[in-house]
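K.L.:
Take a look at the letters that make up each chain.
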Amino acid sequence: MKVVVASLFVIGALAGLAVNWPLPPRAAVAEPGLRRPIPAARVASARHPMTSSSTSRPAIVPDDGATLIRTIQRALVSVDADERERALTNELPALIAIDAKSAGELVARTEPGPVRDVLRARVVRLWAAADLNGAMDWVKALDDAGERRLAASDVATEIATSDPATALEVFDIFGIGRADGTLEHVVQLWAEEHLQEALDYAQAQERSPTRDQLLARIAAVQAARDPAAAAALVTHEITPGAVQRDAIFAVTRQWATRDADAALNWVATLADASLRERAKAEIARTAAP
Amino acid sequence: MKTNRFACGRWLVTFILTIGIGLISMPAAAQMAAGKSKFVGSAMGSSAPSNFATYWNQVTPENSTKWGSVEGTRNVMNWSQARVAYDYAVARGFKFKFHTLVWGSQYPNWLTSTGLTQAQQRAEIEEWMRLAGQQFPQAWAVDVVNEPVKTPMPFKAALGGDGATGWDWVITSFQLARQYFPNARLLINEYGTENDSNARNQYLTIINLLKARGLIDGIGVQAHYFNLDSMNASQMTTALNAYAATGLDVYISELDITGGGSDSGQLAKYQDLFPVIWNHNSVKGITLWGYIVGQTWRSGTGLVNSNGTERPAMTWLKGFVSGGGGGGGGVWLEAERGTVGATWNDNIADSTASSGQYVTVKPGNNSTASAPTTAAGWVQLSFSVTQSGTYRMWIRRKTPSANDDSFWVRMDNGAFAMWNNIPVATSWSWAQYPSTFNLSAGSHTLTFGYREDGAQLDKVYITSGTDTPSGTGGTPSN
Chain C
1 MKVVVASLFV
11 IGALAGLAVN
21 WPLPPRAAVA
31 EPGLRRPIPA
41 ARVASARHPM
51 TSSSTSRPAI
61 VPDDGATLIR
71 TIQRALVSVD
81 ADERERALTN
91 ELPALIAIDA
101 KSAGELVART
111 EPGPVRDVLR
121 ARVVRLWAAA
131 DLNGAMDWVK
141 ALDDAGERRL
151 AASDVATEIA
161 TSDPATALEV
171 FDIFGIGRAD
181 GTLEHVVQLW
191 AEEHLQEALD
201 YAQAQERSPT
211 RDQLLARIAA
221 VQAARDPAAA
231 AALVTHEITP
241 GAVQRDAIFA
251 VTRQWATRDA
261 DAALNWVATL
271 ADASLRERAK
281 AEIARTAAP
Chain A
1001 MKTNRFACGR
1011 WLVTFILTIG
1021 IGLISMPAAA
1031 QMAAGKSKFV
1041 GSAMGSSAPS
1051 NFATYWNQVT
1061 PENSTKWGSV
1071 EGTRNVMNWS
1081 QARVAYDYAV
1091 ARGFKFKFHT
1101 LVWGSQYPNW
1111 LTSTGLTQAQ
1121 QRAEIEEWMR
1131 LAGQQFPQAW
1141 AVDVVNEPVK
1151 TPMPFKAALG
1161 GDGATGWDWV
1171 ITSFQLARQY
1181 FPNARLLINE
1191 YGTENDSNAR
1201 NQYLTIINLL
1211 KARGLIDGIG
1221 VQAHYFNLDS
1231 MNASQMTTAL
1241 NAYAATGLDV
1251 YISELDITGG
1261 GSDSGQLAKY
1271 QDLFPVIWNH
1281 NSVKGITLWG
1291 YIVGQTWRSG
1301 TGLVNSNGTE
1311 RPAMTWLKGF
1321 VSGGGGGGGG
1331 VWLEAERGTV
1341 GATWNDNIAD
1351 STASSGQYVT
1361 VKPGNNSTAS
1371 APTTAAGWVQ
1381 LSFSVTQSGT
1391 YRMWIRRKTP
1401 SANDDSFWVR
1411 MDNGAFAMWN
1421 NIPVATSWSW
1431 AQYPSTFNLS
1441 AGSHTLTFGY
1451 REDGAQLDKV
1461 YITSGTDTPS
1471 GTGGTPSN
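Residue numbers (the working numbering), protein chains in the order written: chain C, 1 to 289; chain A, 1001 to 1478.
Calculated directly from the structure, the hints in this document are not laboratory data. Positions of the beta carbon are idealized from the N, C-alpha and C atoms, including for glycine. Do not take every clue at face value.
Said to hold, decoys possible - Which stretches of chain C does chain A cover? Using the computed rule of at least three CB atoms under 8 Å from a CB of chain A, they are:
hint : stretch
1    : 186-200
2    : 227-238
3    : 264-276
Unchecked claim - Counterexamples of contact, computed for chain A against chain C with all Cβ distances above 10 Å:
hint : residue
4    : N1109
5    : N1183
6    : N1241
7    : L1267
8    : N1307
9    : S1384
10   : T1390
11   : A1402
Same shape as in the complex, but just chain A (with noise of 0.2 Å):
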């Protein structure tokens, strides 16, 4: 049986303080996720900082539900950093995630110390979980095993050790999870995985041993910074799409990014890589290991000073994913559910196309010169923003010859402009307008005039961030 170290009276205190800092203090800006269809969140330590739901919609505890943490001396646990970064996320809405189950670090020293026995070993290991379960019946996720592959794990003999899978102590952690967890996601969480495709090998064989027995939900990228720092957008965009290949959801679960220490350091490499974490479709949530700074785990990585002023990585951050105010960090348009002008044929079935339909002017309309003058020359788009400022614009298209590699741009009640010699490309590809947009906040309109019969309009894509876009984008907002 375990006891509470803490009695009834500072119980009351914790869960006073909880309720009614809740009541009191409910936030009042929207987190820059707030209505996306992925959170960004971040670990939080001891307590909640007061700009915590400023910025996050997602809560991890950074240390705070860590075996070792909770369970310090055998048989008595102590729940009570871990529920007030449970109680936060649950009075907010915000996904909570259960951090960590089985890990080679961070355990109770007792439990390897003290002569256990494999059977009580085993014997506390479910203890501990189903005392976790009962006391986070809320909780969105669990990673279950941490770090399988990087850290050794000193006891898992006492849950089937490597056995004929080379990995059957993490499937009976995974089993036994979803005994003790049965409505949360269970997720497995890796560092390192991020630019070694051995290592990623290596953890892609645990997770299709999880996957083929029905027991993961998602797959955790921890993207560390001395990781990530070393890293460019293509290989981010690799490891992404390794992942993505076995079909589950993909969680980038403690982000932080020092980009050598200076702020301009730091906000280059978060405008090279996150955009292609955010925008990738199998990416359904970032955390961010910490942000303020003096207060993460290493330092470099914080983004917001304590006296509250924004490194500049976090100014952008939060235009990057707020600004669009489509699924990703921009606006997808499909061109095809615009207002199509009845020069153009609407509605072209392709099997490779986003959606499966593009449009395209009808044969024998060209009009070099100058635009079209009338709405049945254009293909209308209507779309907003949330933010104001500067906004880029690429189209999935084909242009298929020299003679087939241009159309009319419009922003709103400006002049049409010549977009000419656009790349050839004879599948579907993006390519990226030359010129960009100042936006103010609101409704927009993009027209697309025709000029040669033969350009091909799949999908369009506006966004604040630098990111490139791939394959058929992201899920659009028209």
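Excised from the complex, chain C in its bound form (with noise of 0.2 Å):
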């Protein structure tokens, strides 16, 4: 018990600083914003409603951010998780839904760390899913680039939940995802789902190596349904170089799983020898027993 107690006095003393932490106020980072119009449900989601009708627990009254901000400053520094997770299921919600900026002033406030990525995720989330402007435009104007890279893909994440084609235009206001696969996998997973709105993306973007790289885990994906159409793809769209040999691979691996005959008459029209005999060896290999 005396290693709680003290624990309390040390968590109070330290979590209080953290949160009280001040922050320079700084003008926003100037990038441009979406091309697409929201959809309408961005403005005002639905996804996380401020109240329920069968909640057991009392309902929020979300008239009083001042309430609310104390209470969630509160629970920050509480060592009760169930308190602090209330607070951020429902006082913040409620927060986000009256004053969505004054949730942003207090993770300002929030000393960097622990507490305050956690804060921030949360927030951005929320935000994201309510206003997706305004929370972008809180994310621009955060001071420190590492973080500002944190929140902008937490507002991505937020938005790929249901909208691949919105996220994805997030990530390249921000540019983020970019190098690191995130951006291709995102692509590669709404063509799971979705094909030909991932196809059609991809296609519509200007060329260069990032379209490059989207159309190659588009086609890998094509390949598992229509290799013919993602031998087109690979062929056709992508630039010759290292994405398009490895997208090519990647497709006679799939095609010769299916029918070897049929992806060896495809490589078999490569035009590159080196990348013909490579294609050749990898349906040997895929196609042996």
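Need the complex rebuilt from these two chains, each delivered in its own frame; the hints are there to steer you.
P.N.:
Next up, the structure:
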């Protein structure tokens, strides 16, 4: 018990400092906005209902932002995990609903570290679900580049739960998800569910290494369903180079598991002799018992 | 030399919060799979939900142990969020799985965009694994390679590329993981193989390469909604059987289901697929990919609303897993291990019977009009359930002809009911009793009385689920 009591004091002191750590205001970083109109659901999302008739807890009356902020602040320094989680799942959405900017200010007043990381992630996701433009403006104004990147990633993650096209725009606006496979993976999973939508999106992009990467991922998905179409995609749409070579091998491998002869016929049409031989070897290995 | 972003004071806050919270708010309720032979866990985000331990007894960090999350800036390691999940699991004795070491997504962008040579990339990969192994020495398992079939690997050349096997980079990854995680189970993980035999065969090719080298301890099957929503129980069984044939343990690693988005659709799909997974002998654990509505990676997959109320599938899942009390979702009982009356032949050896034995009434004993009135004519099986509810019963039997196709059945002190015209079966197979039992939580006795002397009884399965048993069934509780 002594350990617990001592911990309470230490936690209270340290976390109290954490929440009130001042950060200087900063002008927003100049970054472009979304090209596509935001779906209505994003402006006032129903994904995070503030109250529920079925809840067993007292309904929150979201008419007093100051009270909500005090409750959240108190919870953040609490050692009671239930209290902290309740604040993040009940009071925080209520605060976002009536005054999202004050939730952002609460993050800004919190000392950098684990508590702030958790709070920021929750604020950003809730805010993005309710008001994407507002959340993005706040993220753009974050002072620390690393934190801005993390917050932007949270925005994109939230939007990707239901709208991969807009999520990809968010990645693009903040310059994140490139060169770490994230962007490509979002498109890949989009293609798993809605192949044509993902393909339309990628094909509409200006020719670039990123577009090639996206098309390569889509082709890998398409190859499992329609290898001939995937073969046409990688040979005609992807710029010759390393990405195209890997994409050709991926399609070849997929095709060979289904129809080795058809895969061989396609490989025979490849102009690059070394590529052709390597693809043939791939087929031989894949088709081997 | 790597440096840590956070100063000692900040670590102290994290440490004290974790320990303090652990001391004060240990879960009061047992998780649904507590005491079972397999776990049911969930992915965990940046913080531990207060009701996590109400449901789950295994933890997989959703993002915080991915390389890109930890080392977004080269040589600056941020383990803080990963430690939240790890400390939470260790404090409660839950299994912690590290997810993931090598994956063609969410890796640090500097790895492939700053002109590193393959040798430099390899050094960075090894350092990442070494530091991860040091950071989580009590990790129960590691997803060594994630999605080798489905997701292209941009830095595979640094790990040996395709090589002679076609998958040298995967083999090298596992060799390194064995070195740096010597005490953890090494797993592989993949999506989209559940209902695609071609993808599954490619995955099995890799698995068998690793198995032949003694490098792999288990198979991860992600089981996401975009595959499972369109599958049925039979297809799932086919997939699981294919993996079981390797002799390796199977883990459902990222389960989620939308069932089209409605509560009823999600419930129906869980009721269809989950029992097949849970009761499969090779499946040793199931991890859901998040569970709180609004906090999962895809909308529609959550099981618990943000206000704490449960969607119907969650309520059902809890009851299903915890309700049976046996090794699987229900209670499995060996007939020969019950109290077998003198009119029966007990412990008859048969290598195809569950546990190698079964019972049958002695020839010449028939009681077609009414049930035997003394225990000499009965097989009595005692069992218990932890939750009240409606239960179904299955028996593994041989009923070789229309004259050997019946038993008398009684639950507790109720009246015997005649179970006649059980479908003819000359080899062991499962038959479902046409009625259900309303059981209270606690102990019960199921009694079989002989009716026709050719009927043979091997095993009984009592379940609150809608699953169909297969093979020799699950681990008996008697």
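K.L.:
If a hint holds in the structure, say so; if it does not, say that too.
P.N.:
Against the structure, the hints:
1. 186-200: holds (count 4)
2. 227-238: violated (count 0)
3. 264-276: n = 0 at 8 Å, threshold three: violated.
4. N1109: Given a closest Cβ separation of 4 Å, the condition is violated.
5. N1183: holds, 27 Å
6. N1241: holds, 19 Å
7. L1267: L1267(A) clear of chain C: closest Cβ-Cβ about 16 Å, beyond 10 Å.
8. N1307: violated, 4 Å
9. S1384: Correct as stated: the minimum Cβ-Cβ distance to chain C is 30 Å, above 10 Å.
10. T1390: T1390(A) is indeed farther than 10 Å from all Cβ atoms of chain C, at 24 Å.
11. A1402: At roughly 46 Å from the nearest Cβ of chain C, A1402(A) sits farther out than 10 Å, so the non-interface label holds.
Going through the hint list in order, the structure does not satisfy hints 2, 3, 4 and 8.
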